[in-house]
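What follows is the residue order along each chain.
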Amino acid sequence: MTQRAVVTGLGVIAPNANTVADFAQALREGRSGIRAVEKLTQLNFGCQVAGIPQGIDALAQSYFGEAELLAMNSNLRYAGIAAIDAWRDAGFERPSPEDDDVHWDTGAILGTGTGGLDTMGEKIVPLTDAGKVRRLGSTMVEQVMSSGISAKVAGLLALGNQVSSNSSACSTGTEAIVEGAMRIRHGLATRMLCGGSEGSSHYIWAGFDAMRVLCRAFNDAPERASRPMSASAAGFVPSAGAGVVLLESLDSALQRGARIYAEVVGVAVNCGGHRGGGSMTAPNPDGVRRCVRAALADGNLRPDQVDAINGHLTATGADPNEVRAWAAALERTPDNFPPIVSTKSMIGHALGAAGAIESIASILMLHHGFIHPSLNCEDVHPEILPYADAIPHTVREAPTLRVMVKAGFGFGDVNACAVFRKWEN
Amino acid sequence: MERTEVQQKVVAILTPYVKNQDALATLTPETSILEDLKVNSARLVDVVLAFEDEFGIEVADDEVDAVATVGDAVNLICSKL
Numbered sequence: 000m001t002q003r004a005v006v007t008g009l010g011v012i013a014p015n016a017n018t019v020a021d022f023a024q025a026l027r028e029g030r031s032g033i034r035a036v037e038k039l040t041q042l043n044f045g046c047q048v049a050g051i052p053q054g055i056d057a058l059a060q061s062y063f064g065e066a067e068l069l070a071m072n073s074n075l076r077y078a079g080i081a082a083i084d085a086w087r088d089a090g091f092e093r094p095s096p097e098d099d100d101v102h103w104d105t106g107a108i109l110g111t112g113t114g115g116l117d118t119m120g121e122k123i124v125p126l127t128d129a130g131k132v133r134r135l136g137s138t139m140v141e142q143v144m145s146s147g148i149s150a151k152v153a154g155l156l157a158l159g160n161q162v163s164s165n166s167s168a169c170s171t172g173t174e175a176i177v178e179g180a181m182r183i184r185h186g187l188a189t190r191m192l193c194g195g196s197e198g199s200s201h202y203i204w205a206g207f208d209a210m211r212v213l214c215r216a217f218n219d220a221p222e223r224a225s226r227p228m229s230a231s232a233a234g235f236v237p238s239a240g241a242g243v244v245l246l247e248s249l250d251s252a253l254q255r256g257a258r259i260y261a262e263v264v265g266v267a268v269n270c271g272g273h274r275g276g277g278s279m280t281a282p283n284p285d286g287v288r289r290c291v292r293a294a295l296a297d298g299n300l301r302p303d304q305v306d307a308i309n310g311h312l313t314a315t316g317a318d319p320n321e322v323r324a325w326a327a328a329l330e331r332t333p334d335n336f337p338p339i340v341s342t343k344s345m346i347g348h349a350l351g352a353a354g355a356i357e358s359i360a361s362i363l364m365l366h367h368g369f370i371h372p373s374l375n376c377e378d379v380h381p382e383i384l385p386y387a388d389a390i391p392h393t394v395r396e397a398p399t400l401r402v403m404v405k406a407g408f409g410f411g412d413v414n415a416c417a418v419f420r421k422w423e424n
Numbered sequence: 000m001e002r003t004e005v006q007q008k009v010v011a012i013l014t015p016y017v018k019n020q021d022a023l024a025t026l027t028p029e030t031s032i033l034e035d036l037k038v039n040s041a042r043l044v045d046v047v048l049a050f051e052d053e054f055g056i057e058v059a060d061d062e063v064d065a066v067a068t069v070g071d072a073v074n075l076i077c078s079k080l
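Chains A and B are the protein sequences, given in the same order.
All residue numbers for the first sequence refer to numbering that gives the first Met the number 0, where the first residue is 0 and numbers rise by one.
All residue numbers for the second sequence refer to numbering that gives the first Met the number 0, where the first residue is 0 and numbers rise by one.
Treat the hints loosely; a few may be bogus.
Heads up, simulated DSSO-like pairs for lysine-lysine below, C-alpha to C-alpha not over 30 angstroms straight-line [unchecked claim]:
no.	chain 1	residue 1	chain 2	residue 2
1	A	K38	A	K131
2	B	K37	A	K131
3	B	K8	B	K79
4	B	K8	A	K131
5	B	K79	A	K421
Think of the hints as simulated: they come from the structure by calculation, not from any bench.
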């Protein structure tokens, strides 16, 4: 006997919005969060634009004390705020540090791609190399360790179940939801805060710039730089932020009368083995197809029951391959292809946070009944022109939207897929 | 620098780390930093770094070990000014 996993709380810090309500509005409007970043220009990056959440330091002061903030880099701030927001969104109160109760049945799987690389570059490397280790103070390890964000959230919310940070590159955020759902299904936890977070730092983005996978062609027009599925796509735009989804067992959600956004009805993860066209940086199309099919099978869904796709779609040359892989996986032709969007067109690629923020976008679209526009692809890539009608350039009202599939395909040829179904009582 | 000014700055540096607001409000030189103010002992190194930066001094590890109260901290700093 297994439990069903449903979504009862959401929290998001994105380049275009800092609350769930505003994020839903931003998606409707097609609001871009991509801006010029002076630091990148100063440091001779090819890509000089990025998606950085705005006003976070001021916002953080209403969540955390002064001393606490001294031990919280950008990644911890984003994850901390989003986790507390998701907790409250689900109807719970933030526990007091003086309250000794531990929520033994609630855990967190909150992942990241690069951890505290900003703190590493700004503090640990220069001070250590200068022979001034003592000047680092006491707060470095908790900010830099790969599990920093989940460890921090555990204390904020008195969590007592599994607390861990997964890491699977660009599929991290979606994989976290898969892992959390599995844990709830097997009765090992009642609630799991799942998602991902990525800090904001030129140190994080430097390696991508050097690989020439970032877009360097729109530094004078930041909002037009992230162009998934377009003929003029020129690489992805790096970004930062956090997405946290509170998953709960259906029994628990019903028993306490929780508002249920959606059910995580099918999940799957796999890898393409860097074969069959796959590599460290590109997915094996057969692996992608298998992952999506496995998620559908897990949810007892037929491919024709998928109403819309929130793709990985980063605006690299892999986008047309991805659309074709979706067509194969869902057994669709250009005539009956479901709407497909890339949230990255608005917020860029938030790496470890991407899958989580984009899953939240998917859940909000289901909950509110709309499909957000996929920006900057009026010039659809020639290889996917047959699918042009499936790509919305303005918001589409979609009151009958029930099933949306979200997938991420990360460096390492790793794939994660979650199928969300709108909750109807 | 006057001793009272040193104490004011020491208290300002300690304040963000203080968990017991009552002890902060009734603070005297005999107030214990760890036991009364309930400053997390893991953060003492950060407090000492802040003292060094604020007063332009250097504090050795064994000197830190001898500081238990606010008064001890003020004495140590004044001896280096």
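Which of the stated hints cannot be reconciled with the structure, identified by number in ascending sequence?
-> 5
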